[in-house]
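Engineer: Chains as they are written, first to last, in my numbering: chain V, 1 to 298; chain B, 1 to 298; chain Y, 1 to 298; chain S, 1 to 298.
These are computed hints drawn from the structure, not numbers from a lab.
Incorrect hints may appear among the rest.
As the list claims (entries may be wrong) - Some chain V residues judged to face chain S by a derived CB distance under 10 Å, without partners named: (1) Pro100; (2) Ala133; (3) Met134; (4) Arg150; (5) Leu158; (6) Arg159; (7) Glu186.
To be verified - Cβ-to-Cβ under 8 Å is the rule here; a few derived chain V residues that face chain Y: (8) Arg204; (9) Phe206; (10) Pro208.
Don't be surprised by glycine CBs; every beta carbon is placed ideally from N, CA and C.
Protein chains: 4
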Amino acid sequence: MMTATHDSATPDERSRLAPSQHPEEAITSSAPYCLASREGHPEKTIVTVGGVRIGGGVPVVIAGPCSVETEDSIIEAALAARAAGAQLLRGGVFKPRTSPYSFQGLGLAGLPLLARARAESGLPVVTEVMESAMVEPVAEVADMLQIGSRNMQNFPLLRAAGRANRPILLKRGFAATIEEWLLAAEYILSEGNSQIIFCERGVRSFDPMTRNLLDLTCVPLLATLTHLPVMVDPSHGVGRGDLVPAMGVAAIAAGADGLIVEMHPHPDQSLSDADQAITPQALASMIARIERVSAALR
Amino acid sequence: MMTATHDSATPDERSRLAPSQHPEEAITSSAPYCLASREGHPEKTIVTVGGVRIGGGVPVVIAGPCSVETEDSIIEAALAARAAGAQLLRGGVFKPRTSPYSFQGLGLAGLPLLARARAESGLPVVTEVMESAMVEPVAEVADMLQIGSRNMQNFPLLRAAGRANRPILLKRGFAATIEEWLLAAEYILSEGNSQIIFCERGVRSFDPMTRNLLDLTCVPLLATLTHLPVMVDPSHGVGRGDLVPAMGVAAIAAGADGLIVEMHPHPDQSLSDADQAITPQALASMIARIERVSAALR
Amino acid sequence: MMTATHDSATPDERSRLAPSQHPEEAITSSAPYCLASREGHPEKTIVTVGGVRIGGGVPVVIAGPCSVETEDSIIEAALAARAAGAQLLRGGVFKPRTSPYSFQGLGLAGLPLLARARAESGLPVVTEVMESAMVEPVAEVADMLQIGSRNMQNFPLLRAAGRANRPILLKRGFAATIEEWLLAAEYILSEGNSQIIFCERGVRSFDPMTRNLLDLTCVPLLATLTHLPVMVDPSHGVGRGDLVPAMGVAAIAAGADGLIVEMHPHPDQSLSDADQAITPQALASMIARIERVSAALR
Amino acid sequence: MMTATHDSATPDERSRLAPSQHPEEAITSSAPYCLASREGHPEKTIVTVGGVRIGGGVPVVIAGPCSVETEDSIIEAALAARAAGAQLLRGGVFKPRTSPYSFQGLGLAGLPLLARARAESGLPVVTEVMESAMVEPVAEVADMLQIGSRNMQNFPLLRAAGRANRPILLKRGFAATIEEWLLAAEYILSEGNSQIIFCERGVRSFDPMTRNLLDLTCVPLLATLTHLPVMVDPSHGVGRGDLVPAMGVAAIAAGADGLIVEMHPHPDQSLSDADQAITPQALASMIARIERVSAALR
Numbered sequence: 001m002m003t004a005t006h007d008s009a010t011p012d013e014r015s016r017l018a019p020s021q022h023p024e025e026a027i028t029s030s031a032p033y034c035l036a037s038r039e040g041h042p043e044k045t046i047v048t049v050g051g052v053r054i055g056g057g058v059p060v061v062i063a064g065p066c067s068v069e070t071e072d073s074i075i076e077a078a079l080a081a082r083a084a085g086a087q088l089l090r091g092g093v094f095k096p097r098t099s100p101y102s103f104q105g106l107g108l109a110g111l112p113l114l115a116r117a118r119a120e121s122g123l124p125v126v127t128e129v130m131e132s133a134m135v136e137p138v139a140e141v142a143d144m145l146q147i148g149s150r151n152m153q154n155f156p157l158l159r160a161a162g163r164a165n166r167p168i169l170l171k172r173g174f175a176a177t178i179e180e181w182l183l184a185a186e187y188i189l190s191e192g193n194s195q196i197i198f199c200e201r202g203v204r205s206f207d208p209m210t211r212n213l214l215d216l217t218c219v220p221l222l223a224t225l226t227h228l229p230v231m232v233d234p235s236h237g238v239g240r241g242d243l244v245p246a247m248g249v250a251a252i253a254a255g256a257d258g259l260i261v262e263m264h265p266h267p268d269q270s271l272s273d274a275d276q277a278i279t280p281q282a283l284a285s286m287i288a289r290i291e292r293v294s295a296a297l298r
Numbered sequence: 001m002m003t004a005t006h007d008s009a010t011p012d013e014r015s016r017l018a019p020s021q022h023p024e025e026a027i028t029s030s031a032p033y034c035l036a037s038r039e040g041h042p043e044k045t046i047v048t049v050g051g052v053r054i055g056g057g058v059p060v061v062i063a064g065p066c067s068v069e070t071e072d073s074i075i076e077a078a079l080a081a082r083a084a085g086a087q088l089l090r091g092g093v094f095k096p097r098t099s100p101y102s103f104q105g106l107g108l109a110g111l112p113l114l115a116r117a118r119a120e121s122g123l124p125v126v127t128e129v130m131e132s133a134m135v136e137p138v139a140e141v142a143d144m145l146q147i148g149s150r151n152m153q154n155f156p157l158l159r160a161a162g163r164a165n166r167p168i169l170l171k172r173g174f175a176a177t178i179e180e181w182l183l184a185a186e187y188i189l190s191e192g193n194s195q196i197i198f199c200e201r202g203v204r205s206f207d208p209m210t211r212n213l214l215d216l217t218c219v220p221l222l223a224t225l226t227h228l229p230v231m232v233d234p235s236h237g238v239g240r241g242d243l244v245p246a247m248g249v250a251a252i253a254a255g256a257d258g259l260i261v262e263m264h265p266h267p268d269q270s271l272s273d274a275d276q277a278i279t280p281q282a283l284a285s286m287i288a289r290i291e292r293v294s295a296a297l298r
Numbered sequence: 001m002m003t004a005t006h007d008s009a010t011p012d013e014r015s016r017l018a019p020s021q022h023p024e025e026a027i028t029s030s031a032p033y034c035l036a037s038r039e040g041h042p043e044k045t046i047v048t049v050g051g052v053r054i055g056g057g058v059p060v061v062i063a064g065p066c067s068v069e070t071e072d073s074i075i076e077a078a079l080a081a082r083a084a085g086a087q088l089l090r091g092g093v094f095k096p097r098t099s100p101y102s103f104q105g106l107g108l109a110g111l112p113l114l115a116r117a118r119a120e121s122g123l124p125v126v127t128e129v130m131e132s133a134m135v136e137p138v139a140e141v142a143d144m145l146q147i148g149s150r151n152m153q154n155f156p157l158l159r160a161a162g163r164a165n166r167p168i169l170l171k172r173g174f175a176a177t178i179e180e181w182l183l184a185a186e187y188i189l190s191e192g193n194s195q196i197i198f199c200e201r202g203v204r205s206f207d208p209m210t211r212n213l214l215d216l217t218c219v220p221l222l223a224t225l226t227h228l229p230v231m232v233d234p235s236h237g238v239g240r241g242d243l244v245p246a247m248g249v250a251a252i253a254a255g256a257d258g259l260i261v262e263m264h265p266h267p268d269q270s271l272s273d274a275d276q277a278i279t280p281q282a283l284a285s286m287i288a289r290i291e292r293v294s295a296a297l298r
Numbered sequence: 001m002m003t004a005t006h007d008s009a010t011p012d013e014r015s016r017l018a019p020s021q022h023p024e025e026a027i028t029s030s031a032p033y034c035l036a037s038r039e040g041h042p043e044k045t046i047v048t049v050g051g052v053r054i055g056g057g058v059p060v061v062i063a064g065p066c067s068v069e070t071e072d073s074i075i076e077a078a079l080a081a082r083a084a085g086a087q088l089l090r091g092g093v094f095k096p097r098t099s100p101y102s103f104q105g106l107g108l109a110g111l112p113l114l115a116r117a118r119a120e121s122g123l124p125v126v127t128e129v130m131e132s133a134m135v136e137p138v139a140e141v142a143d144m145l146q147i148g149s150r151n152m153q154n155f156p157l158l159r160a161a162g163r164a165n166r167p168i169l170l171k172r173g174f175a176a177t178i179e180e181w182l183l184a185a186e187y188i189l190s191e192g193n194s195q196i197i198f199c200e201r202g203v204r205s206f207d208p209m210t211r212n213l214l215d216l217t218c219v220p221l222l223a224t225l226t227h228l229p230v231m232v233d234p235s236h237g238v239g240r241g242d243l244v245p246a247m248g249v250a251a252i253a254a255g256a257d258g259l260i261v262e263m264h265p266h267p268d269q270s271l272s273d274a275d276q277a278i279t280p281q282a283l284a285s286m287i288a289r290i291e292r293v294s295a296a297l298r
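Excised from the complex, chain V in its bound form (with noise of 0.2 Å):
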């Protein structure tokens, strides 16, 4: 049995459990994923994002645009969020396109966008990131770095992720297992990072009305083997605005932590993902059901 250390206060912290480049040093462990593991970690890992408490009782809720477009939009769009009663806006500055014809966000140039947005609102925000190389430079404006379903096992990105003095927002990948998902938070806990908030946003299957299939078995699942907080994107899980409100409801009557949502302001004009954003009226009218299903539960 492998034992070792880790302080969810000291993200900054380089784990000892170098990744071995010599066959005969790997490390084997019977937990696979020990660092992550609720085992000698009993009580829940609060993660605080730009002075926003994640895994505390009380859901959390990130909302934005798919991607940053404009600094009118965005700073619409982070305004919107706040009045409809969102804690942290979400923004794509790097967006992972199927297609390399695609728009592919504004780059690091959205960053100073997402910057002023925050200033605007007082929302903290919360930004992809798709290699390592861009781990840094986003790490200073961003209050929280995503990794996405594509890089869930992007080895080197995750590894630079847990070098990184940021929380990080690890999605879940559209094939991967419950036990792949916790071996990738491994990567980034044992260089020293340990504010990770799973996210959970539908795994790929066989019926063309949805985009994904939302696994929400996955939030009370991954409380009995983690003490790291689940989040849940019911806008990628189901692709769909009108069936959002219904699966972010049910996503914290499961137990999530907090759910990550695509709000528009003008869904029918955004550049990407328009079918699945909802508008803010329906964000708040969200957010007051969760508020209500929260409480009923506690």
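Mind docking chains B, Y and S on chain V? Use the hints.
Structural biologist: Just chains B, Y and S now, kept in the frame of chain V:
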């Protein structure tokens, strides 16, 4: 566009949409499931089972053991289910088992035991039918007939269920699309029985940590597509008793009209599916939480 | 460890492994599919259908239309199948259709047409049964009974097939594991019929480009697990006629004992599954390639 | 309709289809993968790796151990691969491992060992790159770069591969649709590198008996969609050495341009993926059968 009339109050009435056995008579329709569709039937159907209304806004819980084993045990289970707050009793007499060498249920001999448990507890009973020849004898005792996942596309059975004077709990096939499920209901509806409740129970997926992948998104999705009620079976959906209550609560939050749950007074003595059964205490606790969530969302 | 005897030459003989309806009598076994298993039966079973041997090293092709439509068309198809090199004729009279409003097959009225086509062509015939009550009447005419994917776990039907005096073509359920499939065969075997051929026809998956995902790996895998022959249905497996011949050849190269292929003299006139039917010319060309590959591997 | 020119003989040439970082510049196309598409490029592309032609009608086998472990062992493996009839050597120096505590490969230190094995055996070498920063140093040694399943949608890596002066073996993501795979190739093509070989390696599915579900149908399907060659990796596709040869032969029968196979002189001593490696003897036997099947189909 096809037109068809049906009346949810008269399950006995035969539809004039008889199945065609001559190519030239095959009926085509722009809405492939015209009788199940919400389009021509905007108001929600309420299905009444032994006096219990399902689909009327108050969640209903069906609970009981996987299979009827002895008279004493099914009566004990029925009383425990009622005490915990359940409104209907489940218990299988015909058990579809993967192996021919597993316990197959008591068969017709189990029906009087179910009737006795109903008499003792006052709870209407739900049990599975596996072939068309069994529909009539089972319908003489049971208050609702269940068609299991493996039989969702057993078309002769669906037709026989369509001619039965009992409500039908139609479970989703474990790799069935929503459209296939709606069309399976259409087989029943087109024979004249419109007392149908859909029951989600998880689809097959790749992660060995849970028995199936519970698809709660189908709950709000079906609400947009059909006027028929939708229940959820978290027991088969996740296959682990410790995760059942959280997913039951989540299902109600997603809008389900009720749950069907495996409950056993002594789960470790169950002859089948012991891992997924919950105790009467866990059931009572889950029902209390369901009621709070349901009230919070009304 | 369970012991059971069976003799592949006497499908009529009833097994003494009657299904238990009493909990205490349930039989357990260390090999869950002891009659199908290769362990106690190392030599391969050869199934003979109307004089055609399947499993003996020479691949056999079953071809014909999805459904029997008219006497003229089924005779034309049978003669075309024979001319192309097929050794058995397929043609459905009971058609399991997703929608109750689709053409459901001619039913019993189709059997004399099949018999006529056999008389004209000399090809033994294979057709599907969908419920236990139909096993006997269909077995009076058909040389082999097919149990379709949707009915792979229709246990009353499997038992009835186990009492039939005809070989059974047992298709894989579209989300069935290999073990579940072997256990479905065990239902037939335990009733005394050991003339069973497994038929892979694709499993459900996520890519909309093909109808199903053809699992050819099951061919060599089953060869390690069971003594029974294995055929492949590339037509349902891929759902596109242009890809059928390549996958038919690949199936034989993987070790399959034969193929069942949808062939229609005029695919665009087919009342069902027109996209996946191939022409007699394409069938002849595929059979020629199969023979060359089979010879190269002997 | 988008137009783009590319020339399969000049992988270095940069496409003028630079990715857009400004919304209004996003390029749209009626054919989503216009450079990979067979439509405007009917003749098949032949990719030449260290003098070995892939896609020209004669199947090519890449063989070798999962990972480069020591100089002696990789040289032994290379000589054994050549003796068995393989034409290229595989061997990983960067190993994407699910757990951070598993052996991660020798890293850059493994490259001189690969070069040494090439010098001793005369076989060109193929090895994986996991991040864009490693593309250049690895391309200095390797004859072909492999992009693994987990990185199929690592877009910065794909772009870097598009700027490399080496052919790319692009493995399919384990839940990637064919269209997503073609678009991943499009990322490489749009940077100017058209020396791409697709490599099917199984998709994730529900049956625990095999590691993945090998999708051989993608072989003839891709042949209709793209001009680029297609290889198959039966080792990861099935995960069991005993099934690899049959599936390798089936892949060639389905039309694959070659195979990549894990072969280890002493499979039980392999540091990773020991179960799926085959011996040099099994490799030689499989190659002999492949040649006979390939000749039979020409």
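Engineer: Give a verdict on every hint.
Structural biologist: Hints and how they fare:
1. Evaluation of the V:Pro100 hint against chain S yields a held restraint, the C-beta minimum of about 5 Å falling below 10 Å.
2. Of the supplied interface hints, the one on V:Ala133 holds, with its beta-carbon coming within about 7 Å of a beta-carbon of chain S, less than 10 Å.
3. Among the interface hints, the one on V:Met134 holds; its C-beta lies about 8 Å from the nearest C-beta in chain S, closer than the 10 Å criterion.
4. Interface hint at V:Arg150: satisfied, since its Cβ lies 4 Å from the closest Cβ of chain S, which is below the 10 Å cut-off.
5. Because the beta carbon of V:Leu158 sits about 8 Å from the nearest beta carbon in chain S, less than 10 Å, this interface hint is met.
6. For V:Arg159, the interface hint holds, the least distance from its beta-carbon to any beta-carbon of chain S being 8 Å, beneath 10 Å.
7. Checking V:Glu186 against chain S by beta carbon gives a least distance of about 5 Å; that is within 10 Å, so the hint holds.
8. Contact between V:Arg204 and chain Y, as hinted, is supported at the beta carbon level, the nearest pair being about 5 Å apart and thus within 8 Å.
9. Restraint check, V:Phe206 versus chain Y: the minimum CB separation of about 5 Å is within 8 Å; hint holds.
10. The beta carbon of V:Pro208 comes within 6 Å of a beta carbon in chain Y, closer than 8 Å, and the hint placing it at the interface holds.
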